[in-house]
Amino acid sequence: MSTKAKMQLLLFLVVYIIIGLWNAKLMTAPPSEALKNIANRWIVQFGPEKVWYYRINPMTVIMSFVVIAIIIAFARSVNKEYSLIPGRKQAFTESLMDFLYEIVESSVPNEKYARTVFKVAMTLFIYIAVSNLIGGFIPGISADVAVAQEGTRTVRFVLFNDTWFPPTGDLNTNLTYAVMVFIISQFFAIKTKGVKGWLKGFLEPVAFMLPMNIVGELAKPLSHAMRLFGNITGGGILVLVISYLVKYMFLPPFLWGYFGIFSGLIQAFVFSTLAIAYMSSSIEG
Amino acid sequence: MDVSVELAKAIAVAGKAIGAGLAMGIGAIGPGVGEGHVGAHAMDAIARQPELTNVITTRMILADAIAETTGIYSLVIAFLILFAL
Chain V
0 MSTKAKMQLL LFLVVYIIIG LWNAKLMTAP PSEALKNIAN RWIVQFGPEK VWYYRINPMT
60 VIMSFVVIAI IIAFARSVNK EYSLIPGRKQ AFTESLMDFL YEIVESSVPN EKYARTVFKV
120 AMTLFIYIAV SNLIGGFIPG ISADVAVAQE GTRTVRFVLF NDTWFPPTGD LNTNLTYAVM
180 VFIISQFFAI KTKGVKGWLK GFLEPVAFML PMNIVGELAK PLSHAMRLFG NITGGGILVL
240 VISYLVKYMF LPPFLWGYFG IFSGLIQAFV FSTLAIAYMS SSIEG
Chain Z
0 MDVSVELAKA IAVAGKAIGA GLAMGIGAIG PGVGEGHVGA HAMDAIARQP ELTNVITTRM
60 ILADAIAETT GIYSLVIAFL ILFAL
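Protein sequences appear in the order of chains V and Z. Under numbering that gives the first Met the number 0, the residues of the first sequence are numbered 0 to 284, in order. Under numbering that gives the first Met the number 0, the residues of the second sequence are numbered 0 to 84, in order.
If you're looking for bench data, these hints aren't it; they were derived computationally from the structure. Every residue, glycine too, gets a C-beta built ideally from N, C-alpha and C. Be aware that one or more of the hints could be misleading.
If you want a taste of the chain V side facing chain Z, the calculated C-beta under 7 Å gives, among others [to be verified]:
id	residue
1	A38
2	R226
3	N230
4	G233
5	I265
6	V269
Whenever a hint applies, use it, and build me the whole structure from the sequences.
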C-alpha cells in the first residue's frame with residue numbers, strides 16, 4: 000500500500016472517530032424517543048387549501064437536483080478528456096454502457112427500438128444508482144421532523160446524524176419513473192402492433208380474461224415502484240435502528256456497505272432490467 | 000377513568016408490535032424459500048458448467064432481488080403499522 004493511501008485511510012479513521020464521539024455525546028435520549036421521528040417527512044403545504052396537489056416534499060426536490068448536478072459534473076469531466084484512447088473515467092463509462100447495451104440487445108426483439116430502450120434504461124440506471132449511493136453510505140444533513148398532536152410539523156436539521164436523503168427513498172420519485180416506463184411500453188405496444196392489435200392483446204387467450212389482463216398491466220408499475228421504495232427506505236430505517244446504540248463507532252460501515260452499496264446497486268440494476276423487460280415484452284418483432 | 004385510557008394505549012401498542020412482528024415474520028418465509036430455490040439451482044448450474052459462472056451469478060442476483068419483493072412489501076407494511084398507524 001502506498002503512503003498516500005495510508006494517509007487517506009488514517010484521515011478517514013480520525014474523521015470517523017471524531018464524528019462517532021460527537022454523535023455519542025448528542026445521542027443521550029432512549030431509543031423510543033430518538034427513533035420516534037424516523038418515518039416522518041418534511042412536507043411543505045402551500046396554496047389556498049390543504050389538498051394533496053398543493054404539497055411538495057422539499058427534501059426530495061433538493062436531493063434530486065443534487066443528484067442531477069453530480070451526474071452532469073461527471074459527464075462534463077468525461078467529455079472534457081474524451082479521446083480515442085480512453086482514460087480511466089471514460090473506460091468506466093464505456094464499459095458500463097456496453098454492459099447494459101448487451102442486455103438490451105439480447106432482449107429487444109426488434110433492433111430498431113434497441114437504442115430507445117437503451118437510453119431510457121441507462122438513464123434510469125445512472126440516476127437511481129447515484130441516488131442510492133449518496134443515500135446509502137455518505138453521512139450528511141438530514142431533516143428531523145416532529146409531528147405534533149394537531150398535525151403541525153417542526154423541522155430541525157441535524158448534521159452527520161443520518162445519511163443524505165436519497166430521492167429514491169420517496170415513493171413519488173419511484174412511481175414517476177415506473178409510470179413513465181409503463182406509458183413508454185404501452186406506446187411501443189401501440190406503435191408495433193397497431194391500436195387494434197394492442198386492444199386485442201387484452202383479450203388473450205380468451206375474452207373472459209380481460210379484467211385479469213388489465214389488472215396485470217396496472218400492477219406492473221406499482222410493484223416496480225414499491226420494490227425500489229421498500230428496499231431503500233427499509234434499508235435506511237434498518238441501518239438507523241440496528242446501529243443506534245453503537246452509532247458511527249463500529250457497525251454502520253458494514254451496514255452501509257450492504258444496504259447502501261450492494262443493495263443499492265443491485266436495486267438500480269433490477270429496476271432498469273425490469274424496465275427493459277417490460278418495454279421489450281410489449282414490442283413485437 | 001385514567002386507568003382505562005392507559006390500558007387502551009397499551010393495547011394499541013401491543014397490537015402494533017404483534018401485527019408488525021407477524022407481518023415481517025410470516026412475510027419472510029416465502030422469499031426465504033424462493034431465494035433458496037434460486038441459489039440451489041444456480042449452484043447446480045455452476046457445478047455443471049463452471050465456465051458460465053459470471054452469467055449465472057448475475058442472473059441469480061437478479062432473480063434473488065425479484066424473489067425478495069414480497070418480503071420487502073411485508074417490511075413496508077410492518078413499518079407502516081409501526082410508524083404511520
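For each hint, the structure was consulted:
no. : hint : verdict
1   : A38  : 3 Å, holds
2   : R226 : 5 Å, holds
3   : N230 : 6 Å, holds
4   : G233 : 4 Å, holds
5   : I265 : 6 Å, holds
6   : V269 : 4 Å, holds
Checked against the numbered hints listed earlier, the structure breaks none of them; every hint is satisfied.
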